[in-house]
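Novice: When you get a sec, could you build the whole thing from the sequences and use the hints?
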Amino acid sequence: MSALTETVVYRRPESLVPIHTHYCPGCTHGVAHRLVAEVIDELGIRPITIGVAPVGCAVFAYNYFNLDFAEAAHGRAPAMATGLKRASPDRIVFTYQGDGDLASIGAAEILHAAGRGENLTTIFINNAIYGMTGGQMAPTTLPGQRTTSTPTGRDVEFHGLPLKMCEVLSQLDGSAYIVRRSLHDVPNIRRAKKAIRTAFEVQQQGLGFSMVELLSSCPTNWGLTPRESLDWIRDHMLPAFPPGDYRVHPALAERGATRRADGAGGALDGGG
Amino acid sequence: MALELLEGNIAFAEAAIRAGCQAYFGYPITPQTEALEHMARRMPELGRVFLQAESEVAAINMVYGAACAGVRAMTSSSSPGVSLMMEGLSYIAGSEVPAVLVAVMRGGPGLGNIAPSQGDYNQIVKGGGHGDYRPIVLAPATVQELIDFTTEAFDLAEKYRCIVVVLTDGNLGQMMEPAELPPMRPVRPFSERPAWALTGADGRKPNIITSIYIDPPVEEAFNRKLMAKQAEIEANEVRYREFLLDDADLAVVAFGTAGRIAQSAIREARDQGLRVGLLRPVSLFPYPYARVAELALQVRAMLVVEMNGGQMIDDVRLAVQGRVPVEFYGRMGGVTPLPDEILEAIRGLAAKVPPREAVG
Numbered sequence: 023m024s025a026l027t028e029t030v031v032y033r034r035p036e037s038l039v040p041i042h043t044h045y046c047p048g049c050t051h052g053v054a055h056r057l058v059a060e061v062i063d064e065l066g067i068r069p070i071t072i073g074v075a076p077v078g079c080a081v082f083a084y085n086y087f088n089l090d091f092a093e094a095a096h097g098r099a100p101a102m103a104t105g106l107k108r109a110s111p112d113r114i115v116f117t118y119q120g121d122g123d124l125a126s127i128g129a130a131e132i133l134h135a136a137g138r139g140e141n142l143t144t145i146f147i148n149n150a151i152y153g154m155t156g157g158q159m160a161p162t163t164l165p166g167q168r169t170t171s172t173p174t175g176r177d178v179e180f181h182g183l184p185l186k187m188c189e190v191l192s193q194l195d196g197s198a199y200i201v202r203r204s205l206h207d208v209p210n211i212r213r214a215k216k217a218i219r220t221a222f223e224v225q226q227q228g229l230g231f232s233m234v235e236l237l238s239s240c241p242t243n244w245g246l247t248p249r250e251s252l253d254w255i256r257d258h259m260l261p262a263f264p265p266g267d268y269r270v271h272p273a274l275a276e277r278g279a280t281r282r283a284d285g286a287g288g289a290l291d292g293g294g
Numbered sequence: 002m003a004l005e006l007l008e009g010n011i012a013f014a015e016a017a018i019r020a021g022c023q024a025y026f027g028y029p030i031t032p033q034t035e036a037l038e039h040m041a042r043r044m045p046e047l048g049r050v051f052l053q054a055e056s057e058v059a060a061i062n063m064v065y066g067a068a069c070a071g072v073r074a075m076t077s078s079s080s081p082g083v084s085l086m087m088e089g090l091s092y093i094a095g096s097e098v099p100a101v102l103v104a105v106m107r108g109g110p111g112l113g114n115i116a117p118s119q120g121d122y123n124q125i126v127k128g129g130g131h132g133d134y135r136p137i138v139l140a141p142a143t144v145q146e147l148i149d150f151t152t153e154a155f156d157l158a159e160k161y162r163c164i165v166v167v168l169t170d171g172n173l174g175q176m177m178e179p180a181e182l183p184p185m186r187p188v189r190p191f192s193e194r195p196a197w198a199l200t201g202a203d204g205r206k207p208n209i210i211t212s213i214y215i216d217p218p219v220e221e222a223f224n225r226k227l228m229a230k231q232a233e234i235e236a237n238e239v240r241y242r243e244f245l246l247d248d249a250d251l252a253v254v255a256f257g258t259a260g261r262i263a264q265s266a267i268r269e270a271r272d273q274g275l276r277v278g279l280l281r282p283v284s285l286f287p288y289p290y291a292r293v294a295e296l297a298l299q300v301r302a303m304l305v306v307e308m309n310g311g312q313m314i315d316d317v318r319l320a321v322q323g324r325v326p327v328e329f330y331g332r333m334g335g336v337t338p339l340p341d342e343i344l345e346a347i348r349g350l351a352a353k354v355p356p357r358e359a360v361g
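Same order as they appear, the protein sequences are chains A and B. Residues 23 to 294 in the numbering used here are what the first sequence spells out, letter by letter. Residues 2 to 361 in the numbering used here are what the second sequence spells out, letter by letter.
Please keep in mind that the hints were generated in silico from the structure rather than gathered at the bench. Values in this document were obtained by computation on a predicted structure and should not be read as measured data. Every residue, glycine too, gets a C-beta built ideally from N, C-alpha and C. Worth double-checking, as some hints may not be accurate.
With beta-carbon atoms standing in for the labels, derived distance ranges [stated by the list, open to error]:
hint, chain 1, residue 1, chain 2, residue 2, range
1, B, D203, A, G196, 27 to 33 Å
2, A, H44, B, R186, 42 to 48 Å
3, B, D133, A, D63, 39 to 45 Å
4, B, I215, A, P47, 16 to 22 Å
5, B, G132, A, G245, 32 to 38 Å
6, A, A262, B, L319, 55 to 61 Å
7, B, L319, A, T170, 42 to 48 Å
8, B, G132, A, H44, 21 to 27 Å
9, A, A273, B, L112, 43 to 49 Å
10, B, K230, A, A273, 45 to 51 Å
11, A, P47, B, T31, 25 to 31 Å
Footprint (simulated), chain A over chain B, 3 or more residues, beta carbon under 8 Å [said to hold, decoys possible]:
hint, stretch
12, 20-29
13, 60-67
14, 87-95
15, 191-200
16, 203-213
17, 228-240
18, 268-277
A few chain A residues that don't get close to chain B, going by computed Cβ distances all over 12 Å [what the hints assert, rightly or not]:
hint, residue
19, P47
20, G48
21, G52
22, V53
23, N85
24, T155
25, L183
26, K186
27, V190
28, R219
29, L252
30, D253
31, R256
32, A273
33, A275
Specialist: Here it is, written out as structure tokens:
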């Protein structure tokens with residue numbers, strides 16, 4: 023028996039708590055949680071990492087991560103994380119926020135955290151809809167998209183146009199790493215993980231604000247099956263929110279990155 | 002330590018520093034901006050945190066975050082800014098982290114003006130933000146008290162893991178008078194942060210700080226815990242000051258600046274032969290209901306003086322329970338009453354209400 027060896031190829035990250043989540047079947051929050059947890063494990067920063075949960079579907083994220091966690095008011099996670107980080111500069115602090123939380127009610131807080139070059143990492147889940155409250159229009163809802171508060175589709179003449187947060191935040195000099203990835207298939211999930219890792223490394227190196235936007239699904243409120251939802255990301259969200267590296271700190275670019283915003287991802291995340 | 006000529010806003014900021022405040026977050030607003038400016042100079046030179054936030058909404062949430070990290074954290078603001086902080090204050094109350102706010106009231110409602118007022122009594126003392134909670138509220142009447150109460154606020158906030166508000170007005174914030182600052186206390190080292198603080202789950206179970214209890218019975222149990230804590234605060238932390246009440250048959254009840262001005266009026270009234278004294282509540286929560294109730298058995302009437310339309314008077318009436326007449330004199334909108342006006346109100350009350358013996 024002693025001659026037998028076991029190679030573990032897949033297991034639950036230590037940074038995740040072994041319980042069921044409340045997320046709907048087919049929702050990509052679970053994928054995003056796992057990627058963040060894997061990165062924290064791989065970087066060996068679990069004992070010094072503090073998360074800040076949003077208001078929205080991920081409000082209970084603190085139950086799923088095996089980390090110190092705070093639960094912020096709606097949209098205020100970047101301000102709360104600023105207080106945490108300034109009080110403990112040697113800790114790793116990240117926020118996990120949805121599109122309503124980050125791009126609507128918390129637009130001022132995320133903008134100024136980035137503008138200050140606050141040494142934080144933000145994981146931004148963009149699923150183009152309000153999930154928790156039952157499918158209302160988000161600031162990222164696509165033109166024509168039906169939600170419970172745009173029952174005939176988002177009329178841009180009436181409701182305006184979607185906010186593109188990577189494009190906005192990448193204009194700020196305090197931003198060190200602003201990228202968008204997608205969770206609709208395996209190659210893109212692998213790229214997303216590499217980007218999340220880079221974002222946490224940016225914080226470790228004290229380079230400034232880092233954010234990874236993740237295009238995500240909401241089968242329940244989109245009224246689609248999980249499979250159809252992934253296709254909907256590919257067919258509808260990718261053209262509106264192109265994945266890519268929107269701002270990369272020169273210190274990272276020197277590592278051989280090429281900045282691309284064409285959906286293929288940069289060399290930073292290994293191509294693929 | 003010796004007496005120095007100090008402006009109120011700078012005095013409370015320096016007092017907070019000496020009390021070991023490790024993080025200050027604020028947003029400029031008159032009439033308390035000198036405090037923010039003092040912090041901007043002093044905190045970085047001491048290696049502590051000063052940050053001018055993008056709004057009062059952000060400032061209070063930064064305080065919330067820093068408080069979660071287990072450091073002594075505070076902000077200061079004035080009426081419109083404090084209104085913006087109500088969301089954050091409710092969350093802080095709902096997650097039981099200690100935090101200190103110095104609220105320097107000004108005329109309102111709305112943008113109002115930048116003159117002294119007490120128009121935010123109900124907002125601050127009754128909780129202000131959503132949900133069932135009360136902060137400890139301390140109301141100074143002198144720069145010395147402003148220093149002392151700010152210093153003590155940090156200890157009380159940590160003792161009860163609650164919000165402590167030092168409630169003052171633009172008058173005291175911008176007044177200069179001799180006062181003594183406390184000795185400098187060091188900030189808490191990282192290794193001595195509280196066990197509940199978010200410092201990283203290193204060799205222990207994760208700490209979670211949240212104000213959401215999705216299951217109503219669990220939320221109710223949490224609310225009961227808050228109520229029990231409030232009862233403990235009510236039992237232990239009632240503070241008030243008295244002036245010439247021993248033989249008084251008329252009592253003036255006034256807090257903060259109004260109490261200080263009333264004291265001048267009472268001196269004059271005594272010279273005119275009126276047996277009048279002052280009860281100046283210092284803790285507005287917990288309110289000195291028992292002392293007011295006791296006075297209702299002694300005096301023939303009470304006069305409540307406030308720099309608002311009549312807010313604390315509800316608490317006085319609650320304690321008096323109709324035993325004696327309770328009259329009101331107030332100025333609003335940033336107007337400060339003069340001692341003569343209050344004296345006139347005292348004389349009017351003395352003439353109107355018969356001696357207690359006559360009432361039988």
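Novice: Taking the hints in turn, state whether each one holds.
Specialist: Results of checking the hints against the structure:
In this structure the hint that B/D203 and A/G196 lie 27 to 33 Å apart at CB holds, the actual value being about 29 Å. Between A/H44 and B/R186 the C-beta distance comes to about 45 Å, which sits within the given range of 42 to 48 Å. Restraint check, B/D133 to A/D63: a C-beta distance of roughly 41 Å satisfies the suggested window 39 to 45 Å. With their beta carbons about 20 Å apart, B/I215 and A/P47 fall inside the hinted range of 16 to 22 Å.
Taken as a hint, the range 32 to 38 Å holds for the pair B/G132 and A/G245, whose Cβ atoms sit roughly 35 Å apart. Distance hint check: the CB atoms of A/A262 and B/L319 are about 59 Å apart, consistent with the given range 55 to 61 Å. A beta carbon spacing of about 46 Å between B/L319 and A/T170 agrees with the range 42 to 48 Å that was offered as a hint. Separation of B/G132 from A/H44 is about 23 Å and conforms to the stated range, judged on CB atoms against 21 to 27 Å.
Between A/A273 and B/L112 the beta carbons are some 45 Å apart, a value that agrees with the proposed interval 43 to 49 Å. Remark: the range hint 45 to 51 Å for B/K230 to A/A273 is upheld by a beta-carbon distance near 49 Å. At roughly 55 Å, the beta-carbon separation of A/P47 and B/T31 lies outside the given 25 to 31 Å, and the hint is violated. Counting residues of the stretch 20-29 of chain B whose C-beta lies closer than 8 Å to any C-beta of chain A gives 3; at least three are required, and the coverage claim holds.
Given as covered by chain A, the stretch 60-67 of chain B passes the check, having 7 residues with a CB less than 8 Å from a CB of that chain where 3 are the minimum. Three residues within the 8 Å Cβ limit are the bar, and the stretch 87-95 of chain B against chain A gives 3, so the coverage statement holds. For the stretch 191-200 of chain B, the stated coverage by chain A is satisfied: 3 residues place a CB nearer than 8 Å to a CB of that chain, which reaches the threshold of 3. Remark: the stretch 203-213 of chain B is confirmed as covered by chain A, as 9 of its residues place a Cβ nearer than 8 Å to a Cβ of that chain, reaching the required three.
Three residues within the 8 Å Cβ limit are the bar, and the stretch 228-240 of chain B against chain A gives 0, so the coverage statement is violated. For the stretch 268-277 of chain B, the proposed coverage by chain A is not satisfied: 0 residues have a C-beta within less than 8 Å of a C-beta in that chain, short of the threshold of three. Annotated as non-interface, A/P47 keeps its C-beta farther than 12 Å from every C-beta of chain B; the closest such distance is 20 Å. Non-interface call for A/G48 relative to chain B: holds, since the shortest CB-CB distance, roughly 23 Å, exceeds 12 Å.
A cut-off of 12 Å between C-beta atoms confirms that A/G52 is not in contact with chain B; the least separation is 19 Å. The beta carbon of A/V53 sits about 22 Å from the closest Cβ of chain B, which is more than 12 Å, so the claim that it is off the interface holds. Not every CB of chain B lies more than 12 Å from the CB of A/N85, the least distance being 8 Å, so the non-interface label is violated. With a closest Cβ-Cβ approach of about 14 Å to chain B, A/T155 is found to remain outside the 12 Å limit, as its non-interface label requires.
Every CB of chain B lies more than 12 Å from the CB of A/L183, the least distance being 24 Å, so the non-interface label holds. Distance check on A/K186: its Cβ is at least 21 Å (rounded) from any Cβ of chain B, clearing the 12 Å threshold; non-interface status holds. The beta carbon of A/V190 is kept farther than 12 Å from every beta carbon of chain B, the shortest such distance being approximately 15 Å. No beta-carbon of chain B is positioned within 12 Å of the beta-carbon of A/R219; the least distance is around 19 Å.
Look at A/L252: its CB is around 29 Å from the nearest CB on chain B, clear of 12 Å, so calling it non-interface holds up. With a closest Cβ-Cβ approach of about 33 Å to chain B, A/D253 is found to remain outside the 12 Å limit, as its non-interface label requires. Here A/R256 stays apart from chain B, with its beta-carbon at least about 34 Å from theirs, past the 12 Å limit. For A/A273, the shortest C-beta to C-beta distance to chain B comes to about 25 Å, beyond the 12 Å cut-off, and the non-interface label holds.
Every Cβ of chain B is farther than 12 Å from the Cβ of A/A275; the closest lies at roughly 29 Å, confirming the non-interface assignment.
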